[in-house]
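Sequence lines, in order, name chains A and B. The numbering of the first sequence is numbering that gives the first Met the number 0, which starts it at 0 and goes up by one. The numbering of the second sequence is numbering that gives the first Met the number 0, which starts it at 0 and goes up by one.
FYI, nobody ran anything at the bench for these hints, they're computed from the structure.
So the derived list for chain A, only partly shown, Cβ under 10 Å to chain B, looks like this:
hint	residue
1	P24
2	E46
3	C65
4	E132
Now the in silico label distances, taken between C-beta atoms and shown as ranges:
hint	chain 1	residue 1	chain 2	residue 2	range
5	A	D156	B	T12	47 to 57 Å
6	A	C141	B	D47	40 to 50 Å
7	A	Q19	B	K1	17 to 27 Å
8	A	Q17	B	Y155	33 to 43 Å
9	B	Q66	A	R97	50 to 60 Å
10	B	T12	A	R16	30 to 40 Å
11	A	R16	B	E86	30 to 40 Å
12	B	K264	A	Q19	51 to 61 Å
13	A	G74	B	D47	24 to 34 Å
Sample of chain A residues with no beta-carbon within 10 Å of chain B, all distances over it, derived:
hint	residue
14	Q12
15	Q35
16	D156
Source: prediction; values computed, not measured. Using N, Cα and C, we set each Cβ at its ideal position, and we do this for glycine too.
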Amino acid sequence: MAAVEDRISIQLQVNGRQHQVEVAPRWTLADVLRHQIGLTGTHIGCEQGVCGACTVLLDGEPVRSCLMFAVQAQGHHVTTVEGVTPETGLSPLQESFRDHHALQCGYCTPGMLLTAQALLDRNPTADEGAVREALTGNLCRCTGYQFIVDAVLAARDQGRDE
Amino acid sequence: MKPAVFQYRKAETTREALEALGTNPGAKVLAGGQSLVPLMNFRLSRPDVLVDINGIEELTLVEKLDQTLAIGALVRHSTLSQHPLIEREVPVLAEAARHIGHWAIRNRGTIGGSAVHADPAAELPAALVALRASVVVGAPRGERTMPADEFFLGYYTTALAQDELVMRFEIPLPARRMGFSEVVRRPGDFALVGAYVEDSDAEAAVTWFGLGAMPERQVVEAWPKGQDERQALLERLAREVQSDDEYKYAMAVNVAERAYLAAQKEG
Ligand SMILES: Cc1cc2nc3c(=O)[nH]c(=O)nc-3n(C[C@H](O)[C@H](O)[C@H](O)COP(=O)(O)OP(=O)(O)OC[C@H]3O[C@@H](n4cnc5c(N)ncnc54)[C@H](O)[C@@H]3O)c2cc1C
Ligand code: FES
Ligand code: FES
Chain A
0 MAAVEDRISI QLQVNGRQHQ VEVAPRWTLA DVLRHQIGLT GTHIGCEQGV CGACTVLLDG
60 EPVRSCLMFA VQAQGHHVTT VEGVTPETGL SPLQESFRDH HALQCGYCTP GMLLTAQALL
120 DRNPTADEGA VREALTGNLC RCTGYQFIVD AVLAARDQGR DE
Chain B
0 MKPAVFQYRK AETTREALEA LGTNPGAKVL AGGQSLVPLM NFRLSRPDVL VDINGIEELT
60 LVEKLDQTLA IGALVRHSTL SQHPLIEREV PVLAEAARHI GHWAIRNRGT IGGSAVHADP
120 AAELPAALVA LRASVVVGAP RGERTMPADE FFLGYYTTAL AQDELVMRFE IPLPARRMGF
180 SEVVRRPGDF ALVGAYVEDS DAEAAVTWFG LGAMPERQVV EAWPKGQDER QALLERLARE
240 VQSDDEYKYA MAVNVAERAY LAAQKEG
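Let's have the full structure, built from the sequences with the hints guiding it.
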């Protein structure tokens with residue numbers, strides 16, 4: 000009954016590298032990042048835009064990768080959590096998360112890191128209100144958020160981003 | 000879950016989009032995807048063809064024309080909230096856009112998608128009604144323009160035909176002076192109830208959202224200066240709107256009162 004599913008060959012630019020992948024139009028960016036490209040740092044929670052676990056940066060702006068089809072990401076720069084992680088060690092924001100116990104199970108962490116990193120890149124003096132406002136779109140079932148906010152503010156105070 | 004199979008068409012121009020819609024009765028427009036894709040992920044929506052309008056330049060324009068501000072259907076919530084022309088000409092629209100969902104949602108969601116989705120608790124459809132905007136719709140048969148209050152017909156229901164494309168919204172200038180307020184359970188949620196209150200030379204009016212099945216605008220002679228009298232009037236107006244939730248009426252009065260006070264500051 001189902002129509003024969005087209006496959007489209009697309010170029011995706013992820014974390015500065017070009018990837019040639021064959022995708023069905025219905026595959027979300029989140030699934031293609033995980034299953035075709037092997038970048039499993041992008042987590043999938045709700046698939047309805049609510050939880051923020053799948054957040055990636057599209058041309059530097061946070062977006063839900065569960066609400067975009069991979070075909071739509073052609074011609075854009077996608078950044079995943081792997082893209083903000085140095086070859087060895089952790090980024091200052093990631094270290095701050097570790098130091099402040101800003102993660103427990105880690106499921107929400109990639110989305111938290113990308114959203115917070117995008118905020119600090121844009122607004123290096125973001126106050127607590129701005130941090131909380133930016134992170135309203137990322138749910139965490141473990142930490143109670145306070146430690147995440149602390150970690151972002153401490154990273155800000157160390158006055159560095161990547 | 001994952002979406003059902005569909006064919007993907009990327010439209011570069013409105014003509015291409017209209018052609019794709021006109022030749023595929025099962026086609027749907029894909030704008031920001033922030034309402035459509037969740038529905039597709041849960042297979043509540045199963046379009047045969049998706050017509051992606053994200054590459055259509057002309058739908059992204061914000062322009063001041065003679066007596067109107069034209070806002071393309073593809074203008075994203077994040078743009079609405081910080082565009083200098085919108086900030087200057089229709090600050091209430093920028094303010095309302097900042098209350099939509101979360102940062103990542105605002106980066107993708109569009110004014111056209113919000114209007115066509117027509118969630119009764121959404122900020123922008125009510126803003127369009129409150130601002131007396133027109134909706135310009137493209138069709139294979141040619142363009143048509145209708146007032147926003149004729150575009151919204153009920154819960155998730157508009158006057159748009161399957162083969163039509165919302166092109167832009169036109170807000171008459173100078174924009175009416177009004178304030179906005181809403182109540183949400185958590186930041187980023189859809190509003191439980193919200194209101195735009197106009198107190199301008201043109202008219203005194205209130206436009207509710209989250210109260211009935213669609214944005215409802217009511218005009219009064221003037222807003223009483225006394226708070227008790229004003230709130231009594233607001234309650235009478237709110238109760239004219241059919242709502243399933245009795246508790247919302249008290250909340251509606253509060254929200255409208257705040258919107259009224261905000262309108263006074265708009266100056
Ligand atoms: C977590 C979350 C929270 C949210 N919170 C809010 C909120 O607080 N307030 C709020 O108002 N919204 C909220 N939204 C919804 C958001 O505003 C959507 O962006 C909006 O409702 C739909 O816009 P879109 O561009 O994403 O449209 P899409 O999802 O792409 O499309 C929606 C519908 O409109 C049709 N369509 C889109 N553009 C056109 C066009 N130009 N011509 C004809 N048809 C068109 C599509 O075919 C589809 O039927 C939220 C969404 C999420 C995921
Ligand atoms: S998986 Fe995308 S927002 Fe939850
Ligand atoms: S650390 Fe477990 S969900 Fe946030």
